[in-house]
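Two chains, each in its own frame: build the complex with the hints.
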Amino acid sequence: MSQKTWLGRRVFVIEDEGLVAMMIEDMLEEIGCELAGTASTLDQALAVASSLEADFVILDLNLGGELAFDVADRLIERGMPLVISTGYGGHALPERLQNVPIVAKPFPRHELEQAIEKALRPRPAP
Amino acid sequence: MEVTRVGLRLQDVSTSIWDHRPPASHVVLFSAAFVVAAGVGQWLATTPGITIIVWPPNGVYIACLLLNHRSSWPWWVLIGLLAELTCNALWFGNTIPLAIAYHGANAAGALTSAWLLGRFFPQPARLRTLQQVIAFILFAVVLAPVLAATIGSAIDAAIGKQPFITTWPLWWIGDATGILIAAPLSLVMIEAWRDGMTWSLAHAADAIVTCIVLLGLGILGIGEDFSFAYLILPALLWAAVSFEFAGGAVASALVVLLVAVLTLKGVNDVGAESMSAIRDHVVMQLFLAITALTALVVAAISREHRQAVLTLKVANDDLETRVAERAAKLRDSEARLQLALSAGRAGTWDYDKAGGKTTWSEGHFKLLGIDPAPEGEASRLMWMRAIHPEDRAAFKAEWRRAERTRELFVSQFRIRRQDNGAIVHLHATGEFAYDDSGQTIRFRGVLFDVSELERHQQQQRVLINELNHRVKNTLATVQSIAMQTLRSSSEIKARDEFIGRLTTLAGAHDLLALENWEGASLEDVVARAVAPHSAGSRVRIAAGQPSIWMPPRQALAITMALHELSTNAIKYGALSSKSGHVHITWTMLEDGNGFRLIWCEQGGPVVAAPSRRGFGSKLLERGLKQDLNGEVTIEFRPSGVVCTIEAPPGNGATAIELDLKKGA
Chain A
1 MSQKTWLGRR VFVIEDEGLV AMMIEDMLEE IGCELAGTAS TLDQALAVAS
51 SLEADFVILD LNLGGELAFD VADRLIERGM PLVISTGYGG HALPERLQNV
101 PIVAKPFPRH ELEQAIEKAL RPRPAP
Chain B
127 MEVTRVGLRL QDVSTSIWDH RPPASHVVLF SAAFVVAAGV GQWLATTPGI
177 TIIVWPPNGV YIACLLLNHR SSWPWWVLIG LLAELTCNAL WFGNTIPLAI
227 AYHGANAAGA LTSAWLLGRF FPQPARLRTL QQVIAFILFA VVLAPVLAAT
277 IGSAIDAAIG KQPFITTWPL WWIGDATGIL IAAPLSLVMI EAWRDGMTWS
327 LAHAADAIVT CIVLLGLGIL GIGEDFSFAY LILPALLWAA VSFEFAGGAV
377 ASALVVLLVA VLTLKGVNDV GAESMSAIRD HVVMQLFLAI TALTALVVAA
427 ISREHRQAVL TLKVANDDLE TRVAERAAKL RDSEARLQLA LSAGRAGTWD
477 YDKAGGKTTW SEGHFKLLGI DPAPEGEASR LMWMRAIHPE DRAAFKAEWR
527 RAERTRELFV SQFRIRRQDN GAIVHLHATG EFAYDDSGQT IRFRGVLFDV
577 SELERHQQQQ RVLINELNHR VKNTLATVQS IAMQTLRSSS EIKARDEFIG
627 RLTTLAGAHD LLALENWEGA SLEDVVARAV APHSAGSRVR IAAGQPSIWM
677 PPRQALAITM ALHELSTNAI KYGALSSKSG HVHITWTMLE DGNGFRLIWC
727 EQGGPVVAAP SRRGFGSKLL ERGLKQDLNG EVTIEFRPSG VVCTIEAPPG
777 NGATAIELDL KKGA
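Here the protein sequences line up with chains A and B, keeping their order. Numbering follows the numbering used here, in which position 110 of the first sequence is assigned residue number 110; successive positions increment by one, without gaps. Counting the second sequence from 1 gives a position; the numbering used here is that position plus 126.
Isolated chain B, as found in the complex (with noise of 0.2 Å):
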């Protein structure tokens, strides 16, 4: 009757409670459960005056709300009050109205520290740290049972039964004795019974023989008055430490039955006497309570401190894996670092001034043409006597000049090879490390055998100073011819000027050849054009002027131009009287690309535009304006010839180019 009220009203608050029905396994377990442990408290009862003396129902309670989500609780409390009615019906034979009411307190204490634990164990609900298991005490054995035993004890004195103050301090005890052991034991089943355990020999070993020895060891020391109940606490320990929360639980239960076993006898001597008895049962509960409490305080620590080592275990392993996957990164780098310099037959050395250390690759030995040394060991010695001695000085002037600076160390020297006495053409490029207070400490650096480039450069020197050969001695050639044809006296003017052009030409390609036909400084081009002129600064070169690179016909073209207006000048124009001078200036155009040159004459005599054009004019206006690919205009100033040229960058010359050539 009762029980259909209770389910109804539930059912209509909330259909989500019906939804969280507990399956009928569980339920059959928890009854049976619950029931067992009531009976091992009856079975402990056996004080003549003492109702209850150990109360666990009540942690099978607590543990299987604590397994459960807060939707199921009413269906728990129903079983659970089932459950105690069976209970009364098999041994307490109360009235039904009192064992609800009983239950009612029971499930006060159990629900309210359910809750409050709720937070400290998620679900699912696992024993697992120390923060729990003060957690625990504290709700569960502390406050739990000081609920059940105010509204218990309030009941019992209601009912005349026994006063107030008789009743609850040995319900909280009996409560508090059972939860602490009961709830831990059915939280570590449930959770073996979860996940199934898996037991190594040694293991299953280990908790037989602490079993054993628990054993023998209670009976031994419990006997007839616990006065040497001590001597189980090693057995407990080790139980605890061993198998942490499962352990220390089983321990725990284990002394329990123990004891329950052996008072059936000694409270059958000990007859009637009561003050004696409850002492007796005083000290059986606060034994049973502090054994329990050690093992599960012992067995979080034990838990946590397994943790740890666990913890740092798996750090340590993934610290490990990560130096082993860096290492394997390291070798991969340095292979492909010696796959390079050996596919570039290249060398690299490392002088280690602080521990007067020499070490050299592979490849430095090879380029040296020495037998490889073992761990590369070489010396500052071995270097110096392979360098050729015409470059020894050099080399050691790039060393000191590198390390007092600080700059890259950068040097091409010849070395002979010790196997075969070749002469090997090498770049080397290295860097100094220095300390704090500055001094160096090391220097290390690659080497490139380069006698192949350097071979290249030469044959390509060779050839263009042959073709620089030949054209000028034809040019030459045409001189002698142009002297033996041109010899009367009236052609000794014609004959001069185009020898003075001829020889500017000649004068020219000796420019280009220097810098292999790639071109020259418009700087050098002005320099060399006006130089014959150039005494008593009468053609006067504005400093500071910009460094222009030009490409082979520019430059040509530009010292033609050059040679003209000098000759003009000084048969008609400022270099004609003692006075006058030229001022030549140049600048970049105004987007960088080419330049604007200015050739201006200036206190000479009066000019006046001739009235025909020379040669000369034509020569600057006509065939230069295509070769420089540029504007040339000449004014005829009264005071003084102004001739500005024009030209853009050269063919292939480009402004990348130029900047190269600059830096360079």
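Extracted from the complex, chain A is given alone in its bound form (with noise of 0.2 Å):
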């Protein structure tokens, strides 16, 4: 944590409830990162999934009360950095999202800057 890797990344938030993205924005916005978008439905989600420009992706996996998994599904085929927040526990989690790193709401700023920093790790080749 010693290293702030997110400083000045550029982030797309998705989430639904928009309180809630008021406040990951403001964390986002206090630990240094740029926004790059928002999309707060499924549909808006899948639509820019594909193409939306960003470092990393900030993803709610239920949006409107549909499970957002198409949408982490592209983002990862992509390598797109991708942190997940959500209100399951990680246990609720296919097997395919195990390694994607979690903040479980609500969370402090500090555990978003922990799952930021391990979304921004770089990968060991495949």
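It should be emphasised that the hints constitute simulated quantities derived from the structure, not laboratory data. Be careful, since some hints might not be right.
To be verified - Label-pair restraints from in silico Cβ distances:
#1 B/Ile607 with A/Glu95: 30 to 40 Å
#2 A/Leu7 with B/Val536: 51 to 61 Å
#3 A/Glu95 with B/Ala734: 52 to 62 Å
#4 B/Arg527 with A/Glu95: 18 to 28 Å
#5 B/Leu534 with A/Glu30: 32 to 42 Å
#6 A/Glu95 with B/Gly740: 37 to 47 Å
#7 B/Arg527 with A/Leu7: 47 to 57 Å
For glycine and all other residues, C-beta sits at the position ideal for the given N, C-alpha and C.
Quick look at the structure:
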């Protein structure tokens, strides 16, 4: 955590709850990230998943009562670093998302920092 | 005169003798039999110079005594005397005192032998066993005539009729032969009379034919000098084998009659050559004795043999009945089992490894959606094919584990039904059987459809996850509101404390959701609460703490308590200095109800009791005390804060539940 790898990075936030989205944006701003864009519904998210431009994405898995696994899959496919924010505990995730860093809502700022750091960590070549 | 005196004396001795006086019909019967028997003897006594050749009355006498209770014996002796006096008047012409003396000799023999035979012939006396026959020969055929002959011969010698030595052998053998023939005949006749006889046509025909053959062979064989007497043997043996004692006795009697008839003529021819005549009569008597003896022994053997066969047959019938009963019970039990299996939608399997055969119950086939095979024949392959590919490895691993460890095989897996492709969750429990060398010989078990249960559990999990998701989204919204509301720099500290508490609460929710909101283990709760501070072993949880299960409310309360204690320790306590640390221990309470957790700070700055209770202390001492339904005490010791939390088992969590959770 000594190296703040997230400083100045561009982040796309996908979150359906307005107040929660606002808080996340505030937190990101406080820790020195730049907001690349937001989406609040599954349709929007699916529409931009393949094209959005950002250094990493924060994705809420439940968008208006629908699970956003497809969005996650598309982003992972693109090699887009991803942090999942969820109200479900980590135990509810399918196996293919087990390695994605998670923040369980509600989360303090330092947990968000840890998750972003993990997401941005260079992955070993497959 | 004589008679009256004897009668009176007996009456004086015991009134019970009077009570045992025989019925008139018996008296008549006995007297008649006695006189007839004496008549037959007289009929045979045709040799000049020999008074009597065969003396059957003593056989009738002994049979009568055996058939009657001892208390009535004096009566029979009296009646026997009267009968003998009658015979004397009819044929013998002896003086009355001499006749009485002769009767004394006969009665002595009969009474002695009947007394000795008593224990072999329990009432009502019946000829049944070989043992009885042997006893009869010893006491009645050998011993009784010895007594009668000795007394009789002595009388004869005393009155100068004949020398003792001449009379004795003839008397003995005549008496013995008579008893041998007449006693068994009397016994079987009385028995037939008492029990009634049912004759089948075949039996009656057999009897008649046997009689005719016996008479025919007798006439041929006995002839004039008994040269071919052995000819009667086949018929005699046949009678004894076929009709047992009755056959033997009647056949012997017939032979006696035959001999009587045939020898009448023979004696006339022999004339007065007394030596030769005596020899002939000895031969005749021996012949009669041997005949009767053979018939009796063969009858006894035949009877015992038949009895043994009958006993065996009864035992066999009994066994067969019991086998049939057992089989019926087994069928019942099998039917009940089948009912239970079908009611529970269960199936059973039996894998005979040695025989390489697998059989399934009908229910098993149905569970897999396969038409039942005849005899339930199945194979391992059919099983493996049915199991969902994702579950096959686990199934095989459990098979290997159970087989190796000899423990119960327990596996839950999915199968795809062959008829409609539906996925069914099955729960299998099985047991391996091994031979003496430890090789697996069998694998048997039972299979249940647990799809319904599985579906319910799945639904429950989904609901709980959904609930948790909503709660946490709400908490996140609250967090957001707080962050937006508390923005000024003076409010940052309060905001962070608030968010810390909020996220701790949310974390506890996560933990509870993992356990379907049934509760959580103290171990997990503590580990999760101190995780952010445990780096560098600043917070130490003592090893080997007991496993304790808590209901949700207690789990939340403990989580919040530990959060407050940690926060306080970081700000002012042991965790605020580099050297300080915290020890956490817990124990079950003495009576096994609830637990005591101790938070003990050490090595930090010297502690002074705060002048004012902060929110943290209040939360612990007031709020959590209520949620825990227990006691919370905080001591501000100079060496460090010590917090003791005592909690009874939470609402709804019984000791049994705790045990179950611990076991699980």
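Satisfaction of the hinted span 32 to 42 Å by the C-beta atoms belonging to leucine 534 of chain B and glutamate 30 of chain A: Since leucine 534 of chain B and glutamate 30 of chain A have Cβ atoms about 58 Å apart, the given range 32 to 42 Å is violated.
Status of the given 52 to 62 Å range, CB of alanine 734 of chain B versus CB of glutamate 95 of chain A: holds (54 Å)
Consistency of beta-carbon spacing, glutamate 95 of chain A to arginine 527 of chain B, with hint 18 to 28 Å: holds (24 Å)
Range hint compliance [Cβ, leucine 7 of chain A to valine 536 of chain B, 51 to 61 Å]: Holds - the Cβ-Cβ distance for leucine 7 of chain A and valine 536 of chain B, about 54 Å, lies within 51 to 61 Å.
Range agreement (Cβ of glycine 740 of chain B with Cβ of glutamate 95 of chain A, hint 37 to 47 Å): holds (45 Å)
Range hint 47 to 57 Å (beta carbons of arginine 527 of chain B and leucine 7 of chain A) holds or violated: holds (53 Å)
Beta-carbon spacing of isoleucine 607 of chain B to glutamate 95 of chain A - inside the hinted bounds 30 to 40 Å or not: Holds - the Cβ-Cβ distance for isoleucine 607 of chain B and glutamate 95 of chain A, about 36 Å, lies within 30 to 40 Å.
Going through the hint list in order, the structure does not satisfy hint 5, though it satisfies all others.
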